[in-house]
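Protein chains: 2
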Amino acid sequence: MHTFSALSALFEERFSQRHFPDHTATLYDPAQYILGLGGKRVRPAAVLMGNELFGDISEDAYQVATAIELFHNFSLIHDDIMDKAPLRRGMQTVHNRYGESTALLAGDVMLVVAYQYLQKTSPALLPSLLKLFNETAKGVCEGQQLDMDFERRATVTLDEYVGMITLKTSVLLAASMQMGAMLGGAGEGNQQHLYEFGKHLGIAFQVQDDYLDAFGDPAVFGKQPGGDILANKKTFLLIHTQETASPAQRQELDDLLAGNDPQKVEKMLSLYRACGVEAWAVALKEKYYTTAMQHLEDVAVLSGRKQPLAELAGYLLQRDK
Amino acid sequence: MHTFSALSALFEERFSQRHFPDHTATLYDPAQYILGLGGKRVRPAAVLMGNELFGDISEDAYQVATAIELFHNFSLIHDDIMDKAPLRRGMQTVHNRYGESTALLAGDVMLVVAYQYLQKTSPALLPSLLKLFNETAKGVCEGQQLDMDFERRATVTLDEYVGMITLKTSVLLAASMQMGAMLGGAGEGNQQHLYEFGKHLGIAFQVQDDYLDAFGDPAVFGKQPGGDILANKKTFLLIHTQETASPAQRQELDDLLAGNDPQKVEKMLSLYRACGVEAWAVALKEKYYTTAMQHLEDVAVLSGRKQPLAELAGYLLQRDK
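From first to last, the protein sequence lines are chains A and E.
Just so we're aligned: the first sequence equals residues -8 to 312 in the working numbering.
Just so we're aligned: the second sequence equals residues -8 to 312 in the working numbering.
Calculated from the structure, these hints are not laboratory results.
Do not take every clue at face value.
Copies of the same chain are indistinguishable here, so a pair counts whether it falls within one copy or spans any two.
The calculated SDA-like cross-link candidates involving lysine to any residue, where the alpha carbons are at most 25 angstroms apart (straight line), are [as the list claims (entries may be wrong)]:
1. 258 x 291
2. 122 x 14
3. 122 x 209
4. 122 x 17
5. 122 x 16
6. 75 x 87
7. 224 x 89
8. 122 x 154
9. 75 x 89
10. 31 x 151
11. 111 x 210
12. 122 x 143
13. 278 x 48
14. 214 x 286
15. 122 x 214
16. 122 x 262
17. 31 x 265
18. 111 x 80
19. 75 x 235
20. 122 x 20
21. 75 x 204
22. 75 x 111
23. 75 x 88
24. 258 x 241
25. 122 x 7
In isolation and in its complexed conformation, chain A is listed as follows (with noise of 0.2 angstroms):
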């Protein structure tokens, strides 16, 4: 049994090549220039714990967590280009740094990558893994869309948000659980409750991420918070708040919205806390969270090999801070 950190360090050290062949340098050296931006590995080592809590981890967990891993870098990339976004973890895009249709085509091959390390699995085990992996794409790929979508709109329902969240962010770390499961030989109830178990944790890590943004502390944060609210982002805090509002504070929260206010992050928080959003994102991250060690628990293994998953549970939502 590995604790979290020493899984990500065992993926890390197998992790830290070179992925694709020297040949052609133009399109290969931008994709593996995202994968030496770091990251946590949360994914990956999600499926080396899955694996683990079933039994020891077998030489194809690394195939489907390196698979994983080039699937996230790829959605990265992509996400980037239409977020025109410029920076990434402190670094230049790769669109930014190679340009739009290299950063374009170096995702797609990453993405393409990502299958021929799926593909070395055990025959026996393939066609189920690809199933799940396919599956899962398809449904960060509509998450993407949803969240391009929910710009263009003016509200969103917060059952709306939940489910592009869920899809956007949620399922690639459910599934990264559930394939490490079917490694370890886990049946089709145990393979749900670990998926259950993923996803409820991604979106309350989710509605973290929101309420950090508006109400943390920046010195532990790392940034400034506000960002979400200068760019009219819909998060889980204004969707509550557009849907709790009186009408009053209905239209402050339009005026704000709609204009250029210099006092624009304070005047939002104020309404926010009028509303009790606050308390009120607590509760929910608090009720993924219950949820999620809901289905760990009733995942049928000895309750000591669970540790290492709730321990990544309480690392990803700070329960230790």
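Go by the hints and put chain E onto chain A.
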């Protein structure tokens, strides 16, 4: 045994359905849109032909043929973004109609759905089909990158150009043939001959394509020749001229490439003719055709079974005209 047109129609009948879920329509309608623009379905027909050369067409062959056609359309959507092309087959390109971000995502999800069709093949064949599909997909991405790289360079050697063209357009036809052969139960040797048949056929087709863009009869070719010349596109013709021109001719060529002479097309064609490019291109196409047919001949099945493939070669290379 079916002719090319019969197989193309047989495939089209199955293919002309919606390949995507109804939701999220903003993502999947654009993906479905490009499939409705038609096309000769050469590659999927090649899968069916490769299969039928060795045995009855299996259900798996339709899955693979669909995967190949979806992959081809994924690459068209993304290439059109990179090329900023407004039209495809006389209709708006996907990015022109739905915006670049959605086109990017629609291409991504189409690639994933291609893998979904592949995943439906029998488990015994899936690993080897997936392996060849992945290698081919990487090659196509490399080819597109090389094409963009070459645009920025002053000169490209003939070998480099053939290498790029092989990756960008020939390996997918070659792999379609080989995957069909796999489905028909062909041995390794026969598979390789069929791959080489498709590869050389693809290169011969590209020689012809470059040739027709310069010397084609507008009434037959369907558009005014000279598009490649006006775009300073590196083609078989331009590269051969650069490699064989006398110093004086080379100077004239460089001046034409650098300037905006209103007589550019006519003057370039004169230069091509002076360098004997016309006959050279016809002979080059013939060379690749002959090599392709040699590989078809080397496939160890009764020669009568090869008739549809020979017919496809004749059709693609206009040997009936």
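Which hints, by number, does the structure contradict? Those not satisfied are hints 1, 3, 10, 11, 12, 13, 14, 15, 16, 17, 18, 19 and 22.
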